[in-house]
Amino acid sequence: MKRLFIGIATLALTFSAFAETTAIVGAKVHTVGPQGTLMNATIVIRDDKIIAVGSDVSAPDGAVVLDATGKIITPGLFSPFGRLGLVEVSSSAGPADALQRGELFTAGFDVADAYNPRSTLIAINRIEGVTRALIAPAPGGADDFGAVGHVLSGQAAIVNLGDDGVIDQRRAAMVVTLGERGSGLAGGSRAGAWLTLRNALDEARDYRNHKGDFERGLRREYEHSVADLEALQGVLSGTVPMLVALDRASDIEVLIALCKEYGLRAIINGGTEAWMLADELAAADISVLVAATYNLPGDFDRLNARRGAAVVLAEAGVRFALTDGQSATHNARNITQSAGNAVADGLAWDLALRAITLTPAEIYGVADIAGSIEPGKAADIVIWSADPLELTNYPDQVFINGKAIPMQSRQTLLRDRYLKSDSGQPPAYRD
Amino acid sequence: MNKFIVALATSAVFITACSDSSDDDDSGMAPYASRYVPLSSTSTLLRNATVLTGTGERVDNADVLLADGKIVSVGAELDAGEAAVIDVSGMWITPGIIDVHSHLGVYPSPGTASHSDGNEATAPVTAQVWAEHSVWPHDPGFVTALAGGVTSLQILPGSANLIGGRSVTLKNVPGRNVMEMKFPGAPYGLKMACGENPKRVYGGRGQAPGTRMGNVAGYRTAWIEAAEYRDKLAAADDGQGEAPTRDLRLETLAGVLDGEILVHNHCYRGDEMSVMLDIAKEFGYKVGTFHHAVEAYKIADLLAEADTCAAVWADWWGFKMEAYDGIRENAALIDKAGACAVIHSDDDLGIQRLNQESAKIMGSAARVGIDIAPERAIRWITSNAAKSLGIAEMTGTLEAGKMADVVVWSDNPFSVYSKAERVYIDGALAFERGNTAVNPVTDFSVGTTTATGGAK
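Quick mapping for you: the protein sequence lines, in order, are chains A and B. Sequential numbering of the first sequence, starting at 1, is according to the working numbering. Sequential numbering of the second sequence, starting at 1, is according to the working numbering.
One chain only, chain B, in its complex shape (with noise of 0.2 Å):
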C-alpha cells in the first residue's frame, strides 16, 4: 500500500514537470513523434585522414568539415573557418555505421525475463504492436553499439510471428524515453517473419501456422483484409459509404499497402524469399528488405530485379535447419549481382563489429578472385543499410548537406585491431575513446558495476 502512494506521489512530481513546460516545441507534436533534439556541437574539421564517403569512394589525405550537424564538405586541405580542427593524421573516416537489424532495447541487457519484450507472442499476427513501445532506453547495449560506430539503428520486433509489429529507427543518443531517440523523418517499417519460428511458436500450440504453408496462407489473409480495409477508408473518402473503425493493426498493414511503411521480411531459404516476392505482387506492395537471408547468395538476381536489399550476417548459419546453407561469402554474391547487400548485427555484440563482419566477407570473397574494396564494402554498414531503412536522403553517406553522423576510427575500419575513436551524431560528439567526460553511461550501468561506483 505505501509503495502505491509512493507511485502516485511520484508521478504527481513528474506531471507538474510537465505542465511547467508545456509551452515548449514539443507540445504541439503528434504523440509518438520524435523528440530528439541533437547534442550540442560545434563547427569541427576533422584534418587530414583517408575517408571512405559511404558512396563508394575513397579519397585519401582528405579533411571533413562538420558545420550546423551537417556535413559540409570533403576534400583536401579544406578552409577551417571558424571550426575547431582536430588532427586525425594516420585515421580513417567514413559515415556512421547503420545497423538494421538490432533488438536493443526490447530485448535488453540483463536479460530478465521481465525485460523480454521484443515478441508479442500471443497471435500469429499482431500488425498493432508498435516495437518501440517496448523500448527501454536505459539498455547499456545501446552506450556499447555507440563504441562500435553505430549511430543509428532499426528496432524490431522478434520473429515469432508471420506479422510482429512496426520497428522504429533510433538515432544513437541516449533518452528518457524513446521519443527522444526517434530518428526524425524516418519511415516506420514492418516485421513479418518466413519459416521455421512461426510454426514453431504457434504450431506447438496446435494452432495455424504449423507449416510453411500455414505460414503463407497467414500472410494473404492478412493482407486480404488489409486491403479492403484500405478500400473502405479510401471510398469513405470519396463520399462513398461509413469509414471502418479504427483498427490498429489494419492501419499498419494498409500502411504497407501505401508504401508508408517498409517491409522488413525475416527469411532464411531462398525458395521462401521467392515466394513471399510473390505474395508482395499479389497484394501490391514491395518487400524492402529481408533479413538473414541466409540463402540470398541463390537468388541474387531475383533480388537485384525486385530492388530488395538483403540483411546478412556475415557468417552465422547452422543453429537451426534454415540456415544450414549459410557461406560466408553470401554478401558479396549479393552485392556482385547488383543488389543491395547490407551487414546487420540481431545481436547486441555483433552490433559493436559489424566493420569486422564486413571484413571477414572481404577475405572470403578475394579467396575466389572477388575482390571487394574497403570503400564498396563500407556501403553494406553505411549507404546501403539507410536505403533500406528509407533514411538514405538524410544520412549513410559524407555528402555535403547529410546529417553529420561520422566515425573516426585508428586505422583501416576492417582491420580487427582498428577501433572507433571519435564518434559523431548530427555534428554532435557522442563518444570519444577513452573519455569518461564525454561518453553516456545508462541508468543501469550506474553503481551496478566497480567502474561505475559499484563495490570492488
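Okay, chain A solo, but in the shape it has when bound (with noise of 0.2 Å):
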C-alpha cells in the first residue's frame, strides 16, 4: 500500500505542470482550522493553493486523484526559530551568515538576504515534514575576547522550504537578547542590556520625530546608523514583534512593564521561567517559544526549568509554539518531538499539534498564507501513515505550496550508498 501511494504520489509530481488540480482523498485529515479533524476527507489543491477541504467534498473532474486512505494529514510543520538556509556547518566550517559581528549594523540587520534555498539542512528537514520556518540572527553571545555579537541583532524572516525557496515575509521579527546572555553583550549587567535596547527605541522615536532635521543636519548624531534606526521603526509602531531571548521570571516582568510603556509587541523566545508568570503575559499578550524538554537549572536565570510549562501556558490563555530547544536549525525537524513530549507532560494532541503549526504562523503574522489546511492558504500538507508525533513514523509525502517535494536529501543518498555495501565496488563508485 506504501509503495502504491508512493508511486502515485511521484507520478503526480511528474505531471505537476500538466495538472492544475490535485485532490487527495480518503485521509483523516487534522486541518488545524474551524474545521477541526475531519475523517475520510478530501482535500482539493489548485496550483500553490488548498481549494477545498472536506468529509462532503468530491474531487472535481479532472483532478488527479490520490489515494491517502488510511493516512493522516497534517498541514506543514512550521518552525517557530533557528538559522535555515543561514548555516551550513555550526562550527568552524562553512558558509555562517547568521551573526552580525561588525560595528556597523545592529536593529538594521537582515538575514533574508543571506539565506540559501538550496542549504543540505532545507531538504533534511523537509522530508520530515517542515514547510515553513522563521529564520534568525544569531542572538551572539560572550566568548573569550568578550561580547560577539549585539543585544539587538537584527531582523528574522519567514521562509517556506519549497522548490521555488521564496522568503514569505521579511522583516518579521526584530530580535533581542536579554537576560545573562545580554548582559554578556552589554557591558556585564542585564540592566545594560536593557539600556541598550531603551536607547535603541529612544533614538528611533527621536529619529521618527524629527526626520526632517535629522536629514537637514539639525539634530545630533545617533549612536545607531540609518538602517537600525529604519528597522527599529515597526517596533515602535508595534507591527513588527520583538523576538525576546530572555528566561528569568524577573526580566519578563521587566519586559511586560517596557511593552506597555512604549506599546510594543514581544515575543519571548526561551521563557523557562514564563509559566511562573502566565496569567500575567496572557493579560498583556505576549507570546512564547516553549522548550517542551527544557528542565534543568543550566543557569541562574532558569533556577524553575520544568516539565509541563507548556501546559501551564495553555490553561493560562498564553499563546505558545514549541521549539526544539537543542538543535532548531540542522535538526528543525525534531519539533514533533518536543510536542510530543508536551503531550506526555499534558498537553492536549491537537493543541500541541498547533503548537507546531498555525500558532506559529500566527505568532508572526502569516497565518492568513500557511498553518492550517483551509481554503486560500498555501498547499502545504504532510502525508503521515501513523501519529505524527511518535517518533517511529515519518512523513511518506510532503507538498509544499501544492508540489510534491521529492523525498530525497543528503542523507537518505548517503544512506543508500552505504545500504549497497554488498556491491562489490568502493562507495565512491556507487550511486
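Careful: at least some of the hints might be erroneous.
[As the list claims (entries may be wrong)] In silico EDC-like cross-links for lysine to aspartate or glutamate, where the CA-CA straight-line distance does not exceed 16 Å:
hint : chain 1 : residue 1 : chain 2 : residue 2
1    : B       : Lys456    : A       : Asp164
2    : B       : Lys456    : A       : Asp279
3    : B       : Lys286    : B       : Glu305
4    : B       : Lys232    : B       : Glu251
5    : B       : Lys419    : A       : Asp345
[Said to hold, decoys possible] Examples of chain B residues lying across from chain A (beta carbon under 8 Å, computed):
hint : residue
6    : Pro110
7    : Lys320
8    : Arg328
9    : Lys419
Think of the hints as simulated: they come from the structure by calculation, not from any bench. Quick reminder that beta carbons are idealized off the backbone N, C-alpha and C, glycines included.
With the hints in hand, could you dock these two chains into one complex?
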C-alpha cells in the first residue's frame, strides 16, 4: 500500500506542470483550522493553494486523485525559530551568515538576503514535514575575547522550504537578547542590556519625530545607523514584534512593563520561567516559544525550569509555539519530539500539533498564508502513515505550495550508498 | 580571615565524625574505591507486564521477581512468596537504561565557569587525571536522568585532549561524594579524542597537535612511553632493573595496554576510526568503543571485525565539519552489520530520553525496510551499553542473578508518550513518578526553586 501510494505521488510530481488540480482523498485530516479533524476527507489543491477541504467534498473532474485512505494528514510543520539556510556547518566551517560581528549594524541587519534555499539542511528537514520556518540572526554572546554580536541582533524572516525558495516575509521579527546572555553583550549587567534596548528605541523615536531636522543636519548624531533606526520603526509602531531571548521571571516582569510603556509587541524565546507569570503574559498578549523538554537549571536565570510549562501556559491562555531547544536549525525536524513530550506532560494532542503549525504562523503574522489546511492557504500538506508525533513515524509525502517534493536529501543519498555494501564496488563508485 | 576559621572548624567536625565511624566496613577499602551501598529494598514482584529482557527477547504478560537486590526470574504467573506484589498490567519493563557517555557532575547544572571541570585542557595528553575527581554529586541532572530510567552511567572527561583521562562508571544514586556512587567492580575507562577538538584547542595556541596527523603522532608517542613504562615495571617484577618512579599518567596508559582499562574513543569520521584501529594494532590494545561515531555506518564491517562498539546519537549532525555526514540510520546499519550499537547522550537533556532517540532510529530504519523490533532496539541502551562499559556480567539484562536494575514504563518505551513510572536500582525503588516521598532532590535544588522551598 505504501509503495503504491508513493508511486502515485511521484506520478503527481511528474505531471504537476500539466495538472492544475490535485485531490487527496480518504485520509483523516487534522486541519488545525475551524473545521477541526475530518475523517475520510478530501483536500483539493489548485496550483499552489488549497481550494477546498471536507468530508463532503469530492474530487473535481479532471483532478489527479491521490488515494490516502488510512493515512493521517497534517498541515506542514512550522519551525518557530532557527537558522535554516543561514548556516551549513555550525562550528569552524562553511557558511555562517547568521551573525553580524561588526559594529556597522545592529537592528538593521536583515538575514533574508543571506538565505540559501539550496542548503542541504532544507531537504533534510522538509522531508520530515517542516515546510515553513522563521530564520533569525544568531543572538551572539560573550566569548574569550569579549562580546560577539549585539543586544539587538537584527531582523528575522519567514521562509518556505519549497523548491521556489521564496522569502514569505521579511522583517517578521526583531531579535533581541536580554537576561544573562544579554548581560554579556552589554558590559556585564542585564540592566545594561535593557538600557541598550531602551536607548535604541528612544533614538528610533527621536529619529521618527525629527526626521526632517536630522536629514538637514539640525539634529544630534545618533549612536545607531540610519538602517538601524529605520528597522526599528516597525517595532515602535507595534507592527513588527520583538523576539526576545530571556528566561528569568524578573526579566519577564521588566519586559511586560517595557512593552506597555512603549506600546510594543513581544514574543519570548526560551522563557524558562514564563510559566510562573502565565496570567500576566496572557493579559499582556505576549507569546512564548517554549522548549518543552528543557527542565534543568542550566544557569541562575533558569532555576525554575520544569516539564509541563506548556500546559501551564495553555491553561492561562498564553499563545505559545513549541521549539526544539537544542538544535533548532540542523534538526528543526525535531519539533515533533518537543510536541510529543508536551503531550506526555499533559498538553492536549490537538494543542501540541497547533503549537508546531498554526500558532507560530499566527505569532509571526503569516497565518493568512500558512499553518492550517484551509481554503485559500498555501497547500503545505504532510501525509503520514501514523501519529506524526510518534518518533517511529515519518511522512510518506510532503507537499509545499502544492508541489509534492522529492522525498530525498543528502542524508538519504548517503544512507542508500552505504546500504549497497554488497555491491562489490567502493562507495565512491556507487550511486 | 573569619571565613578561613569557619572552614577550619567545619573540617574539624568532619574529621571527628569520620573517626567515630572508623571501625565500619569502609575503613579497609582502597582509596577511591566504590563505597556504594544500595538503597534499602524489599523483595518485589512486578506483575503482568510486557517485558523486554535486554537479551533480545520479549515476553508478554510476564512477571519480574526482584529479591536481595538481584533479578530472580522473569516469567508468567511467578510465585510471589514473601515479595510485595505490584500490578503493572499494561506497562512495559526493561533493564535499567545505561548511558555510556555523560558529563553529569563534571559539567553540571548550573553551567557556571566555576563548575567547568570536564576538560583538563592544559596539555594534549592528561592520562593522569580521573573524571571522578571532578564529579559534583549534587548535579540536579542525575535526578532528571533517573526520571528517564537511567540506572548506570559513565562520566567521561571532555574531548579537548588526545588522551583526556580516566572515566568513571556510576550507579545513578545520589551520594555525598563520588565514591558513594561508583559502580562496584566496574573497570575504568580511558577517554581519547580524534579530530577537530584536540587540534583546534592546541593548534589554536600554536602547540602540537595542530593537524590530524599531529593528533596521530601524539597518540603514538604516548603509547611508546607507556609501553616502555610497562616493560620496565614487568622487568623489575622479574628482578631485572629498578622499577620506574610511579607516574600517574603512564600508569593509566599501561592499564590500557594490560587490558584492565577500556578505551572510549571520541571519533566522528570513518577514516579516522579506521586509523585509530590501526594504532591499537600497533601497540596491542583494543578500542572498546568509538563515541559519537557519526560515520560508523561507513565502516560497520570493520567495527564488527574488531569487536568495537559504536556509541552514537540518533540524529545530531552538522554542528561541525566532522559531523556533516550524519544519518539517522547510523545505529541501524551498525546493528545490521553485526557490530555493537549503543545510543549515548553526551547531554544532560538527551540522557533523559535515550528511549526516544532509539525510537527515531527504528522509524528511519523502517523507511528503508530494516525492521527493528523493540526487543532488539532496547539492547542499544541496556546490554550493548553494559558491554561497552565492561559491566555486562553484572547488569544490562533481566537475566537471573544480575543486579535488579529495572525500569517500569507506562507504555511501550519507544513511544514518545511513554514515561518511566518506577525505577529500581539494585532492587530498591530509586524513583517513582509523582511520589515526592520516594524521589531524590539534590542539595543544589533545595530552596532554589519554587517547588523545593524557594521564593514563588
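So, going through the hints one by one against the coordinates:
1. B:Lys456 with A:Asp164: violated, 50 Å
2. B:Lys456 with A:Asp279: holds, 14 Å
3. B:Lys286 with B:Glu305: holds, 12 Å
4. B:Lys232 with B:Glu251: holds, 12 Å
5. B:Lys419 with A:Asp345: holds, 9 Å
6. Pro110: holds, 5 Å
7. Lys320: holds, 5 Å
8. Arg328: holds, 7 Å
9. Lys419: Where the cut-off is 8 Å and the nearest Cβ of chain A is about 6 Å from B:Lys419, the hint holds.
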